[in-house]
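Chains A and B are the protein sequences, given in the same order.
At the far end of the first sequence sits residue 219, using the working numbering, and the numbering has no gaps.
At the far end of the second sequence sits residue 219, using the working numbering, and the numbering has no gaps.
Simulated from the structure, these hints should not be mistaken for laboratory data.
Since this is a predicted model, take the numbers as computed values, not measurements.
Please note that the accuracy of each hint is not assured.
Copies of the same chain look alike in the list, so a pair counts if it works inside one copy or between any two.
Quick list of in silico lysine to aspartate or glutamate cross-link-like pairs, DMTMM-like style, CA-CA up to 20 angstroms [to be verified]:
no.: 1; residue 1: K218; residue 2: D100
no.: 2; residue 1: K218; residue 2: D180
no.: 3; residue 1: K6; residue 2: D100
no.: 4; residue 1: K125; residue 2: E142
no.: 5; residue 1: K103; residue 2: D188
no.: 6; residue 1: K215; residue 2: D183
no.: 7; residue 1: K168; residue 2: D100
no.: 8; residue 1: K41; residue 2: E52
no.: 9; residue 1: K218; residue 2: E142
no.: 10; residue 1: K168; residue 2: D183
no.: 11; residue 1: K103; residue 2: E211
no.: 12; residue 1: K218; residue 2: D146
no.: 13; residue 1: K168; residue 2: D180
no.: 14; residue 1: K6; residue 2: D29
no.: 15; residue 1: K125; residue 2: D48
no.: 16; residue 1: K215; residue 2: D180
no.: 17; residue 1: K215; residue 2: D146
no.: 18; residue 1: K6; residue 2: D188
no.: 19; residue 1: K90; residue 2: E40
no.: 20; residue 1: K168; residue 2: E64
no.: 21; residue 1: K90; residue 2: E37
no.: 22; residue 1: K125; residue 2: D146
no.: 23; residue 1: K218; residue 2: D162
Protein chains: 2
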Amino acid sequence: MKIGVLGTGMVGNALATKLASLGHDVMMGARSEGNEKATGWAADNSAEAGDFAQAAMFGEIIIFATLGSALIEAANLAGPENLDGKVVIDVTNPLDMSKGFPPTLIAEMANTTSAGEELQKALPGAHVVKALNTMNCEIMVDPSRVPGTHDVFYCGNDQAAKDKVAALLNSFGWQDPIDLGPLDAARGTEGMMPFWLRMYGTLGNAEFNYKIVKA
Amino acid sequence: MKIGVLGTGMVGNALATKLASLGHDVMMGARSEGNEKATGWAADNSAEAGDFAQAAMFGEIIIFATLGSALIEAANLAGPENLDGKVVIDVTNPLDMSKGFPPTLIAEMANTTSAGEELQKALPGAHVVKALNTMNCEIMVDPSRVPGTHDVFYCGNDQAAKDKVAALLNSFGWQDPIDLGPLDAARGTEGMMPFWLRMYGTLGNAEFNYKIVKA
Numbered sequence: 005m006k007i008g009v010l011g012t013g014m015v016g017n018a019l020a021t022k023l024a025s026l027g028h029d030v031m032m033g034a035r036s037e038g039n040e041k042a043t044g045w046a047a048d049n050s051a052e053a054g055d056f057a058q059a060a061m062f063g064e065i066i067i068f069a070t071l072g073s074a075l076i077e078a079a080n081l082a083g084p085e086n087l088d089g090k091v092v093i094d095v096t097n098p099l100d101m102s103k104g105f106p107p108t109l110i111a112e113m114a115n116t117t118s119a120g121e122e123l124q125k126a127l128p129g130a131h132v133v134k135a136l137n138t139m140n141c142e143i144m145v146d147p148s149r150v151p152g153t154h155d156v157f158y159c160g161n162d163q164a165a166k167d168k169v170a171a172l173l174n175s176f177g178w179q180d181p182i183d184l185g186p187l188d189a190a191r192g193t194e195g196m197m198p199f200w201l202r203m204y205g206t207l208g209n210a211e212f213n214y215k216i217v218k219a
Numbered sequence: 005m006k007i008g009v010l011g012t013g014m015v016g017n018a019l020a021t022k023l024a025s026l027g028h029d030v031m032m033g034a035r036s037e038g039n040e041k042a043t044g045w046a047a048d049n050s051a052e053a054g055d056f057a058q059a060a061m062f063g064e065i066i067i068f069a070t071l072g073s074a075l076i077e078a079a080n081l082a083g084p085e086n087l088d089g090k091v092v093i094d095v096t097n098p099l100d101m102s103k104g105f106p107p108t109l110i111a112e113m114a115n116t117t118s119a120g121e122e123l124q125k126a127l128p129g130a131h132v133v134k135a136l137n138t139m140n141c142e143i144m145v146d147p148s149r150v151p152g153t154h155d156v157f158y159c160g161n162d163q164a165a166k167d168k169v170a171a172l173l174n175s176f177g178w179q180d181p182i183d184l185g186p187l188d189a190a191r192g193t194e195g196m197m198p199f200w201l202r203m204y205g206t207l208g209n210a211e212f213n214y215k216i217v218k219a
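Produce the complete structure using the sequences and hints provided.
Encoded structure:
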């Protein structure tokens, strides 16, 4: 499948590399064409690089893996018209990094809304699915790093889009991704980040994940 | 031990009943002396009932189990001077129930602060420990309702107070409560509630809990 990954940081890298290794045609998109992180990654992975709009046009599925604070600008640069009718996976968290560690959530993207919902508003013709944003990026693409069963969550307003994302999660090694319902459940998964940051501080590493244990 | 439980709802009831069954001397506190829920519970459990201030004076440990929206008023009615030097356990969640289901967080008690921190501000001489607020109240007092291992979290600024709370959690059946650090970690555990509400919606029941799975 042709997949555009927007974002050249650790998360974009991990996802793009995994997708390329699974045989997908991947283009990594950066703010600027010729970005060396994107072109370097593409050279290393026999893949492609472009700007946000090129990666948005290229993909059948588009993954937003930017900073949360840059998400809406990235959507505007990608071009809403380039994403009409496409599956958009939002893996971002709306963290306000401006005031030290641990960060808070960006108030305008939390509680009564979410990064996922704001992205959907910016891309009205796209089918936004929130997924994978509750864990370290290395675990996102290799759940076996953490032993035993543990969980990944997704939500969105379009069932066909969610089914495609669930299949992609399966291909990463997630056996039973949990469908949390409509996209506003992103308020829930993004809202777990302040807890995640404390757990990270307590354990001293990011090699953990949530498991929902049921009676 | 003498324990005051402030709040006559499901959570206060579950905690007070468990504590009485463990042999503690418990007073359930209500907004008004003579509240029938409190006096009825006391009669059923050979325990005591009073108003918030009486329960605060009575206890060596005080548990706040009111609605989040009523928490600070309850603290003021309890009387900050009655709680000086005491261990205060805050099990509340700052939910705004005024706009339908699922509720959002009360903005003034979330993200850059928390119910736990606001309670500490209202009770400057008390040692506030946030605990147990990430699950259904029946699981709080009987973790074996959910099979296998799963987790409870606590945080606070006073280590001696936290140690007492950890011992109380042990007595409820929690083997390894997780210390998340200072009280501002309550932003994390309270922030999990919007996720919890979606998980509740997905599963159709509240009989689940979180487990942190580590590599």
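Do the hints match the structure? See the list:
Neither within a single protomer nor between protomers do K218 and D100 lie at most 20 angstroms apart by alpha-carbon distance, with minima of 33 angstroms and 27 angstroms respectively. Proximity of K218 and D180 under a CA criterion of 20 angstroms is satisfied in both settings, with 14 angstroms inside one chain copy and 19 angstroms between copies. Taking the shortest alpha-carbon separations for K6 and D100, neither the intra-copy value of 32 angstroms nor the inter-copy value of 43 angstroms comes in at or below 20 angstroms. Taking the shortest alpha-carbon separations for K125 and E142, neither the intra-copy value of 29 angstroms nor the inter-copy value of 39 angstroms comes in at or below 20 angstroms.
For a Cα distance limit of 20 angstroms, the shortest separation of K103 from D188 across copies, 15 angstroms, qualifies, whereas the shortest one inside one copy, 27 angstroms, does not. With identical chains, the CA atoms of K215 and D183 are at most 20 angstroms apart both within one copy (14 angstroms) and between copies (18 angstroms). Proximity of K168 and D100 under a CA criterion of 20 angstroms is satisfied in neither setting, with 31 angstroms inside one chain copy and 35 angstroms between copies. Taking the shortest Cα distances, K41 and E52 sit within 20 angstroms of each other inside one copy (12 angstroms), while across copies they are farther apart (67 angstroms).
For the homomeric pair K218 and E142, the shortest alpha-carbon distance between copies (14 angstroms) is at most 20 angstroms, but the shortest distance inside one copy (26 angstroms) is not. For the homomeric pair K168 and D183, the shortest alpha-carbon distance inside one copy (12 angstroms) is at most 20 angstroms, but the shortest distance between copies (39 angstroms) is not. For the identical chains of this complex, K103 and E211 are neighbours neither inside a copy (25 angstroms) nor across copies (37 angstroms), given an alpha-carbon limit of 20 angstroms. For the identical chains of this complex, K218 and D146 are inter-copy neighbours only, at 14 angstroms across copies versus 24 angstroms inside a copy, given an alpha-carbon limit of 20 angstroms.
Taking the shortest alpha-carbon separations for K168 and D180, only the intra-copy value of 14 angstroms comes in at or below 20 angstroms, while the best inter-copy value is 39 angstroms. In the homo-oligomer, the alpha carbons of K6 and D29 lie at most 20 angstroms apart inside one protomer (5 angstroms), although the nearest pairing across protomers, at 66 angstroms, exceeds that limit. Taking identical chains as interchangeable, the C-alpha atoms of K125 and D48 are never at most 20 angstroms apart, the minima being 35 angstroms within one chain and 54 angstroms between chains. For a Cα distance limit of 20 angstroms, the shortest separation of K215 from D180 qualifies both inside one copy, at 11 angstroms, and across copies, at 16 angstroms.
In this homomeric assembly, K215 and D146 come within 20 angstroms of each other (Cα to Cα) both inside a single copy, at 16 angstroms, and across copies, at 19 angstroms. In this homomeric assembly, K6 and D188 never come within 20 angstroms of each other (Cα to Cα): the closest approach is 27 angstroms inside a single copy and 44 angstroms across copies. In this assembly of identical chains, K90 and E40 lie within 20 angstroms of each other by CA distance neither inside one copy nor across copies; the values are 27 angstroms within and 58 angstroms between. Taking CA atoms no more than 20 angstroms apart as the test, K168 paired with E64 passes inside one copy only; the shortest distance there is 11 angstroms, against 56 angstroms between copies.
Taking the shortest alpha-carbon separations for K90 and E37, neither the intra-copy value of 22 angstroms nor the inter-copy value of 61 angstroms comes in at or below 20 angstroms. Proximity of K125 and D146 under a CA criterion of 20 angstroms is satisfied in neither setting, with 31 angstroms inside one chain copy and 43 angstroms between copies. In this homomeric assembly, K218 and D162 never come within 20 angstroms of each other (Cα to Cα): the closest approach is 27 angstroms inside a single copy and 33 angstroms across copies.
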